[in-house]
Amino acid sequence: MTEVSRRDWLLSDRPASRRQAKLGQAYRTWLSFRTNWLAMVGLAIVVALIVVAVFADVIAPYDPVIGGDLRTERFLPPLTDGHLLGTDDLSRDIFSRIVHGSRLTLMVVVLVAVIATPIGLLVGTSAGYFGGWVDTVLMRLTDIFLAFPRLILALAFVAALGPGIENAIIAIAITSWPPYARLARAETLTIRDSDFINAARLQGASSARILWGHVTPLCLSSVIIRVTLDMAGIILTAAGLGFLGLGAQPPQPEWGAMIASGRRFIIDQWWVATMPGIAIFIVSLGFNLLGDGLRDVLDPKARK
Amino acid sequence: MSDVTNEGGRDSALLRFLWRAVKLLATVALTFLGLLVVTFLIGRVVPVDPVLAVIGDRASQSVYDRVFIELGLDRPLYEQFWIYLQKVLSGDFGESFLTKRSISDDLARVFPATMELATVAILIGTIFGIPLGVWAAVRQGKFVDQFVRVFGLIGYSAPIFWLGLLGLLVFYARLQWVAGPGRIDISFEYAFTNKTGLMLLDTALQGQWAAFRNVVSHIILPAGLLGYFSMAYISRMTRSFMLNELAQEYVITARVKGVPEWRIIWVHALRNAAVPLVTVVALSYANLLEGSVLTETVFAWPGLGQYLTNSLQNADMNAVLGGTLVIGGIFVGLNLLSDLLYSTLDPRVRRQS
Amino acid sequence: MLHSRRLLAATVAAFALFSAPVVYAETPADTLIQAWAIDDIISLDPAEIFEFTASEIAGNSYEGLIGYDPADVSKIFGKVAESWEVAPDGLSITFKIKPGRTFASGNPITAEDVVFSLTRAVKLDKSPAFILTQFGLNAENVDEMVVATGPDTVQFKMDKAYAPTLVLYCLTATVGFVVDKKLVMEHEVDGDFGYNWLKTNYAGSGPFSIREWRANEVVVMERNANYSGDAPAMARVIYRHIPEGATQRLLLEQGDIDIARSLTAEELDAVRANADLKIQEGPKGSIYYLGLNQKNEFLSKPEVRQAMKYLVDYAAISDTIMKGKVNVHQAFLPIGFLGALDETPFSLDVAKAKELLTAAGLPDGFTITMDTRNTPEITGIAQAIQQTMAEAGVKMELIPGDGQQTLTKYRARNHDIYIGRWGPDYQDPHTNADTFARNPDNADDATSKPLAWRNAWDIPEMTKKADAAVLEADPAKRAEMYIELQKESQQTSPFVIMFQEIEVSAMRSNVNGFIVGPSFNDNSFAHVTK
Chain A
1 MTEVSRRDWL LSDRPASRRQ AKLGQAYRTW LSFRTNWLAM VGLAIVVALI
51 VVAVFADVIA PYDPVIGGDL RTERFLPPLT DGHLLGTDDL SRDIFSRIVH
101 GSRLTLMVVV LVAVIATPIG LLVGTSAGYF GGWVDTVLMR LTDIFLAFPR
151 LILALAFVAA LGPGIENAII AIAITSWPPY ARLARAETLT IRDSDFINAA
201 RLQGASSARI LWGHVTPLCL SSVIIRVTLD MAGIILTAAG LGFLGLGAQP
251 PQPEWGAMIA SGRRFIIDQW WVATMPGIAI FIVSLGFNLL GDGLRDVLDP
301 KARK
Chain B
1 MSDVTNEGGR DSALLRFLWR AVKLLATVAL TFLGLLVVTF LIGRVVPVDP
51 VLAVIGDRAS QSVYDRVFIE LGLDRPLYEQ FWIYLQKVLS GDFGESFLTK
101 RSISDDLARV FPATMELATV AILIGTIFGI PLGVWAAVRQ GKFVDQFVRV
151 FGLIGYSAPI FWLGLLGLLV FYARLQWVAG PGRIDISFEY AFTNKTGLML
201 LDTALQGQWA AFRNVVSHII LPAGLLGYFS MAYISRMTRS FMLNELAQEY
251 VITARVKGVP EWRIIWVHAL RNAAVPLVTV VALSYANLLE GSVLTETVFA
301 WPGLGQYLTN SLQNADMNAV LGGTLVIGGI FVGLNLLSDL LYSTLDPRVR
351 RQS
Chain C
1 MLHSRRLLAA TVAAFALFSA PVVYAETPAD TLIQAWAIDD IISLDPAEIF
51 EFTASEIAGN SYEGLIGYDP ADVSKIFGKV AESWEVAPDG LSITFKIKPG
101 RTFASGNPIT AEDVVFSLTR AVKLDKSPAF ILTQFGLNAE NVDEMVVATG
151 PDTVQFKMDK AYAPTLVLYC LTATVGFVVD KKLVMEHEVD GDFGYNWLKT
201 NYAGSGPFSI REWRANEVVV MERNANYSGD APAMARVIYR HIPEGATQRL
251 LLEQGDIDIA RSLTAEELDA VRANADLKIQ EGPKGSIYYL GLNQKNEFLS
301 KPEVRQAMKY LVDYAAISDT IMKGKVNVHQ AFLPIGFLGA LDETPFSLDV
351 AKAKELLTAA GLPDGFTITM DTRNTPEITG IAQAIQQTMA EAGVKMELIP
401 GDGQQTLTKY RARNHDIYIG RWGPDYQDPH TNADTFARNP DNADDATSKP
451 LAWRNAWDIP EMTKKADAAV LEADPAKRAE MYIELQKESQ QTSPFVIMFQ
501 EIEVSAMRSN VNGFIVGPSF NDNSFAHVTK
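For the protein sequence lines, the chains are A, B and C, in the order given. Under the numbering used here, the first sequence has 290 at position 290, and the numbering climbs by one with no breaks. Under the numbering used here, the second sequence has 123 at position 123, and the numbering climbs by one with no breaks. Under the numbering used here, the third sequence has 321 at position 321, and the numbering climbs by one with no breaks.
Take these hints with a grain of salt, some might be off.
Stated by the list, open to error - Cut-off 25 Å, straight-line C-alpha distance, at most; resulting in silico cross-link-like pairs (PhoX-like, lysine-lysine): (1) K123/C <-> K160/C; (2) K199/C <-> K182/C; (3) K295/C <-> K487/C; (4) K96/C <-> K160/C; (5) K123/C <-> K96/C; (6) K100/B <-> K123/C; (7) K87/B <-> K199/C; (8) K199/C <-> K295/C; (9) K182/C <-> K100/B; (10) K295/C <-> K100/B; (11) K160/C <-> K409/C; (12) K195/B <-> K100/B.
Said to hold, decoys possible - To spell it out: a stretch of chain B is covered by chain A in this simulated footprint if at least three of its residues, at any positions, have a beta carbon under 8 Å from a beta carbon of chain A; those stretches are: (13) 25 to 37; (14) 153 to 159.
Hints were generated in silico from the structure; no laboratory data involved. Just so you know, even glycine gets a beta-carbon here, dropped at the ideal spot from N, CA and C.
Could you put the whole structure together from the sequences, leaning on the hints where they help?
Written as structure tokens, this is what we have:
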């Protein structure tokens, strides 16, 4: 198949199969996404983050944790020979730390999504599908969690679990699921009484099967979009926890913790705290631009 | 006859209203109980010995044992919770290990600082955010729209504590445009009497203009930063509400009738968009409380956020519980308030009910 | 469009309004403003005060029976007491009170106040009470042990003939400060000896009185008009809670404060280069050390303990990340104490450490954790140590936590290595010998938990030697005993003692007369002028 004909096949008005129709729709979405240059910038940043994280060992010229000579290599300014972004108070190469820190950032984002999404889906779809007291109890629980500011709840959880990146991830996940639950519930309500669900029920499928096999897949896409939109927020919360000394702990090269320790030198050695801040900013801007573009493309109301 | 039915109708309306009020109260009460349980449990599983927080490292074993019992730590968990619940209901959050004062006093002392900061911030956010949002909506897709969008996204994306640090470095240390961390210079601190806890208000009411200017120069940077963040949110929501309104029929009708464009935008459309905007502003006010945790740390601002972080880091769980409850309460309150405003202001919602 | 231009104009106007010129004020001439982390204050009652900041505040607002010269601690003189006499059997000391002096309230200072203060501290039994109760006092017998034998004489009895210097130094601690009995008892509620009032109020006789304490915000002190010594030049002394060194430095450079108390090594370098500012320093008693838990299979081997002492780059750390804030010091008694040992036999020597590890059967090193308090300085030192340990194959993982968390774990003996800072409780060598070289009961449920216990170091012999030193009346012989104890401990103990702290304050160059003493209650600003 040539390039042109593949394009025609994808854009065909009369798709021959469901697969063709689905792929065609995805392709059209991609085409409209591609015209949004801001979103493309966001995508590029996110892809770059992934590449950097995967190849951190190759890209980083120095060890992120073990520093150089304390007497001669502390606080080298940016662009010093061999140290693109300078060195910090323990003679460590800041560029290498930021490169390795991208792994932590990516890990936080991925793990929070992996933990929070299923919880939100489970709570939301169950509440929407069963209704009645199950709905009341689950939604009341959701409201209680929503009644807290996220960062403060995460703070409290980290205080309970002890500081550390794993606990920060758990705390952020615990505080992130409620909006997903609400969304999943709303979606479930719209399809609960639809014909195909009823058909499945008549065929004797168990509730669990219907929830998992039929309801969840339909809620998944909107929840995933919502998670993508939240990713920048997740990164900022993790960095905020790190900054308060409750997230990733030294000597881990987590960007928020790097700002916290560089903060002491902000006046004379400004680069120590500034560089990781720029890294957080770029990555979360990338996720925001990407999410923004996705919303434009996928949300029919905003598309107009 | 007709009188009777009218009576009955009014009665049932009253009943419905009462029923709704009771349900609402029950919901709020339940939410609060949930808050209490969650915070209490968090407080008890912290891997920190609360006795050490009270007596320090050097005390003898006899002191340790006595304080252990004084804190009620020898009782079973549910009993501790029950005692705590009773105290909270009577307005007693207990005593802070850290400050040795009653938590309610502490909260009353730190809260005005946060409120002042959040209020100035929301004013900045609203004053700049709404016009920017309207402007972007009017010029949809044009340069201005993109600019406002990117400007807003930058606000969403930058870590506030980092911006705060850079802000202090540039505007205080280098340029000296603003005053440094804290709420006021010490030399002004005793120039006026503290009545409301809101320094802007106190100094202005007592005519202490030099002190007032000092307070302004302290608050402007942290409030400006927080304001920027709420502005990002408010302008974005304003844009989408305005787009919605500008597509309505009455706008087209007005245009046909020859009503000036500025009047259509700033009077007719904005007035209708104002209703959902109230909710947005109330919500971002609540979010500012959260933003204040990090901002107050950077700016040494003696408010609720700093109090909470400090207590957390020192395992002063009574204080953490009290502070979290207050913030949770304000959150719930603001949500209720915005719902209420929404239903009173919006003619469509009003008609439905 | 017209309206957008108008909007722009409004925006510009608003910015112009906000960026109106800022008026900066110098600090007032009769007010001394210090920036410090004052969040450690939990009480202002001398019977309870034990923290750095509160000790310093009490040191400037209360008086003890006796004091010592901060420049030479062996010179002990009377403050509230005029003179004292040790009984021939060594079982009691009698103090004569200076006549005609008053508290800030105007009440006269009498023997009754002294007796009240000491018995009150014992009966309240707060954290520092052990400093007094270690002489055999307790709530039941204190009324017989501390008595007024006349209107201006007080007798202090003990259960054994302790070294007189030990007793006297203990009485210079904040827990022995004299409070105004009449004033305090006016505020007594339910037999609390006025504790609930005094913990946030003031009833002393020092050069300054405490006017206000707002937790984590400010402490305001004022000149005590009834002070019997020379009136201080400063009418007001204010502590502002500014935990961040960088912020303190900014405020100091702008002239918003007079003294910055917690600057880092880098900030101090910047201060040294600034003509408007100057630096004052004094050695403090605090010691930085590593505690190696003897419950750990690797750390319990003597060769491993020794190897660890060769894997810290003492010199590099004290020259760089802790520059100007510590001196290398490797014995448990800080310089300035009777009998302090100043030998530093250890330095970074990876080859030697590897040799020792091989002798211990661990040629490839081992993996270990270190509980690290998440303050910048401790974290910095810990990371530097982590790097040098790695050179000998010792993989050290840091477990950071806040102060209470790491301490809770340390006291439960659940750590491998703990990096800590220990400050003496009073000016006598026993304070550190008691914790580094005494472990009367190494069982898990022991009642006293000195540092030796926390690291499960069972030392019955050394404990006996430390106990003997307490009862030696001759200072020269006593000093000899402590030196011997330190030498033994230096080579065998599970403590890698690294540094002694130097307290450094940066101040505006017009500030004179600030005294930095060996302990925090010796820091004095009574003679400050500016």
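Do the hints match the structure? See the list:
no., hint, in the structure
1, K123/C <-> K160/C, "holds (21 Å)"
2, K199/C <-> K182/C, "holds (16 Å)"
3, K295/C <-> K487/C, "holds (24 Å)"
4, K96/C <-> K160/C, "holds (22 Å)"
5, K123/C <-> K96/C, "holds (24 Å)"
6, K100/B <-> K123/C, "holds (20 Å)"
7, K87/B <-> K199/C, "holds (23 Å)"
8, K199/C <-> K295/C, "violated (40 Å)"
9, K182/C <-> K100/B, "holds (24 Å)"
10, K295/C <-> K100/B, "violated (37 Å)"
11, K160/C <-> K409/C, "violated (35 Å)"
12, K195/B <-> K100/B, "holds (23 Å)"
13, 25 to 37, "holds (count 5)"
14, 153 to 159, "holds (count 6)"
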